[in-house]
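Asks: So the sequences go chain by chain: A and B.
When you line the first sequence up against our numbering, it's residues 2 to 385, in that order.
When you line the second sequence up against our numbering, it's residues 734 to 1069, in that order.
By construction, these hints were calculated from the structure, which means they are not laboratory data.
Predicted model only: the values in this text are computed from it and were never measured.
Take the hints with a grain of salt, since some may be wrong.
The calculated EDC-like cross-link candidates involving lysine to aspartate or glutamate, where the alpha carbons are at most 16 angstroms apart (straight line), are [what the hints assert, rightly or not]: (1) LYS783/B / ASP291/A; (2) LYS373/A / ASP288/A; (3) LYS783/B / ASP266/A; (4) LYS373/A / ASP291/A; (5) LYS373/A / GLU1036/B; (6) LYS21/A / ASP266/A; (7) LYS130/A / ASP155/A; (8) LYS945/B / GLU1036/B; (9) LYS783/B / ASP288/A.
Partial pick of chain A residues on the chain B-facing surface, computed with a CB cut under 10 angstroms [said to hold, decoys possible]: (10) LEU36; (11) ILE355; (12) LEU358.
Ideal placement from N, C-alpha and C gives every residue a C-beta, glycine not left out.
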Amino acid sequence: MRHLKILEYALSSLLRRKYKNLSLVAVYAFTVSILASILFLTHALKREAVAVFSDAPDLIVQKVSAGRHDLIPTGYLDSIRTIAGVGDVHPRYWGYYFDAMTQSNFTFLGINENLAGLELVQGRMPAEKGECTIGQGVAQAQFTGVGDQLVLIDSRRRSISFRIVGIFDAASNLLSNDLVLMTQRGLREFFDFPSGRATDIVVEVYNPDEISTVAAKIKKMLPDTRPIAKAELFRTYDSVFNWRSGMMLTLFSAALVAFSILAWDKAAGISGDEKGEIGILKAVGWDIADILELKFWEGIVISLTALLVGLTVAFVHVFLFNAPLLTPVLKGWSVLFPTFRLTPYIDLYQVFVIALLTVTPYVACTVIPSWKAAVTDPEMVMRG
Amino acid sequence: MILHPGILALIVGSVLTFAMLLYAAVTGLGILMRWDLQSSSEEQLLMERKTSLISTLINYAFGFQILSLLLFLYTADQLHPQFVGAMCATGTLNANPAGWNVLFLKIILFFASAFWIAVNTLDQRAEDFPLIRPKYTALLFLTPLVGLDLYFQLRYFTGLHPEVITSCCGALFSERGFAIASGLAGLPPRPMMILFYGVLTTNLGITLLCRKTSSGAVRFLLASISVVTFFVGIASIVSFVSIYIYELPSHHCPFDILQQGYAFIGYPIYLTLFGGVFFGTLPGLFYPMKKIATLKELIERSEQRWILLSALLIGSFTALCSWPVVFGHFTLQGYL
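So that you can see chain B by itself, here it is in the shape it has in the complex:
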């Protein structure tokens, strides 16, 4: 099982990124302990130079982490014919429960990596490395997480046995199960649609407001509503968007939409949601850093771009999810 080309690419990539991060974390630890911008010793000069090496290493490593979420999902989906009872990625992930850990870790790492890259980009543009300590402290927490991701990936792929009969989305995302997944699937479509469009409209409204004012409260509000959007978005995909895409009132799987039969529509849906949520949280998260003089102007300039991107991505997400609801042949009239 381990010798599938996609799995090999994932593992080779993960091992390399973990090695790169480990090197970066160890060097970062040294910098954390002895960093002194006032000093003009040779050691400080070397450390300042090393920050550029570490940034490059981590940018590459985290860039790979972001790609690897996509590769992991696609590979899991590709593997499903190997398992009796599996029809999509759900079945493959069920075949060895470690798979779910990998998926959740990769989603966490997706956001953490993207956030780290954003902080780093800003920090490098400022002249006095204002964020160097929080940045490298975060790195010390992220590196073990990447290690954990590698560990679970190895455990998952080595523990996949084709003879195991797995249960797939029909069982997991059914309305009668007990887990969170079936809880999501059992959410009634009409209230869920009201919530979905309510949250998205609020989100877009606050985003527009953010472009007008420079108030901190609005930015925090945008960050909070973005987090809410993420969960409501996922819940809505399971609850009603999936139904409209499959045109089948009982099928709630959030993974089948990633398949070719549905024109891979799941990828743009998830990417716009993830991207929109990420850019939506940035202005709020960076707001406290405006206190730092060298960063203030940089943040204010980037902020407008983030807000615009967030609005565009969330708008596209809404359009993608609404398309089958509005223009599809399928209606839920009898069920609403």
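For reference, chain A alone in the conformation it holds in the complex:
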């Protein structure tokens, strides 16, 4: 009960100095919102990446020539098929295309029959050479729809037109936004692939525990290849995002330090009024411990308000506006990324991390000033 009374007093005393405290809460909330935006955005991007890669092949085999990725001979398929435990092995044909008209990059993929897991919004998959199915981002960039023509410049500078037979939308927009699907034959002719070559080979491995063994066997059998396991992709993305968000957090730690200095200053520079108030409290019987508790509650109220406001601002910034201030740095691996919506999700762990990162410095900075205020001699104060 006593604690509640002190809390009540703390609230009324905060309200009496509205503007001073509001300015502190505003800066505090701003700092929180920066940190929270970084963490929310990274986490959302990580989840998108996981969603995308959950359907990725177990093992991708690339050919490496002079340390660079090269087209892989389709003859390798038969060698890989001889390895025990290997299921379906098939070549993939894909490439990137820069569209000068819309100044954007498209990803081209030549499909074979068994491309599952994509929900067509309208239309169908390309069935013959002159047809294509495109992602919504491409459709918007080109102002086209189903039944229209998509005109592209091939590797011999001829313009080729494809009939759009479908526009699709996948579970994760990241996957299909810049995608142009065509038949394998169409793609090979468009890019002028040498015969008997594919972009890479995907390998299905029945037992997930055997993936690394199969990868090692492929590497031994075909020394000029580079097998990439799905788990490695996950791990790379995870550490890249962790590193990026950690880097951003470190950069913004300057803001945290600046905020801490402000908090210290606000707590240290108490006005004559406040001093008088504390003096009177002590004169009517408040203890140093009571005043410290009062200051503690003030700190809690300010911290919680700032955390709530900051988290809300970060949530709106990231999930409603797609983090316009941060995406260029955090997303940054693609040239063109038409807008995509992040799935709103808050991890309690992150809220906990944000709270620790911001509240701990605030508390550390205000302890000594509030103690100084608490030990003020009532008599000295009231004398003026």
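Take the given structure of chain A and dock chain B to it, following the hints.
Replies: Here is chain B on its own, set in the frame of chain A:
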């Protein structure tokens, strides 16, 4: 690796708490050397005022230490996909053996911090600072421990290399290994269950007895049985509780239960065990201090609360551990 947000929070927090404790310890040392309650000099007055500053600083610092155990465990668990061969926190901790030092130090600090806060709360309520000397002497030992914790944390997180292949709980907590962990895992379930329920029933019995009598012997007994409960509790979690939760007779990991797949059930299990053990030891540890006149009444009043809390927490711990054993689909009939 060091740039993971959780790691940053742990390190920033640890650096700040260590700085706060260092300041408190240095001031505390001055107080230890010149403290004289009889004197009414200006220096003594200033020191008396400073005790309130130190208490606040340390309450915050130790509060963070207690939270940081949870944060450390969760972060270790979060990091496991980074390491080949790691499936839970065990793998992450194995990736750099300094991690185990951090974990054990944090558990020690968890109890030490909680105990210090309890002593301090009582001491502040008494009028004549009766426990000021033992309190600040303890602080001189605890501060280096927090420093050590920071050091091992830095060494652990900077020494984490994702390319290292680690072994995880399947290897460490298997029945065929050599370490203590596999010794725990190899404990046969049936005798372990008898021991577990035996110890817990004794514990609850003594707790109830404590509420009835004010005898010192019973309180010491409660403190001792609480310590026994701690070790038996941990051993039982590894030996049979984990098996029932995973519904897999060969899986003994005490860290997997902290994962989302098991509804984070590990956190309440460990928190109730740690909390119950802590409150169970308090009446015994404070009993000798009843000799101090100003503390006697305070201790007697708080004691009843501690005993009640201990009973509640140990009771919840028993319920949480027994739930999968009693109501789960899984039975160990073939193994018992």
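Asks: Determine for every hint whether it applies to the structure shown.
Replies: The hints, checked one at a time:
1. LYS783/B / ASP291/A: holds, 15 angstroms
2. LYS373/A / ASP288/A: holds, 14 angstroms
3. LYS783/B / ASP266/A: Judged against 16 angstroms, a Cα distance of about 21 angstroms means the pair is violated.
4. LYS373/A / ASP291/A: With a Cα-Cα distance of about 14 angstroms, the restraint between LYS373/A and ASP291/A holds, given a limit of 16 angstroms.
5. LYS373/A / GLU1036/B: The given pair, whose Cα atoms are some 34 angstroms apart, is violated under the 16 angstroms limit.
6. LYS21/A / ASP266/A: holds, 12 angstroms
7. LYS130/A / ASP155/A: Holds. LYS130/A to ASP155/A sits at ~14 angstroms (cutoff 16 angstroms).
8. LYS945/B / GLU1036/B: holds, 12 angstroms
9. LYS783/B / ASP288/A: holds, 13 angstroms
10. LEU36: holds, 8 angstroms
11. ILE355: holds, 8 angstroms
12. LEU358: holds, 5 angstroms
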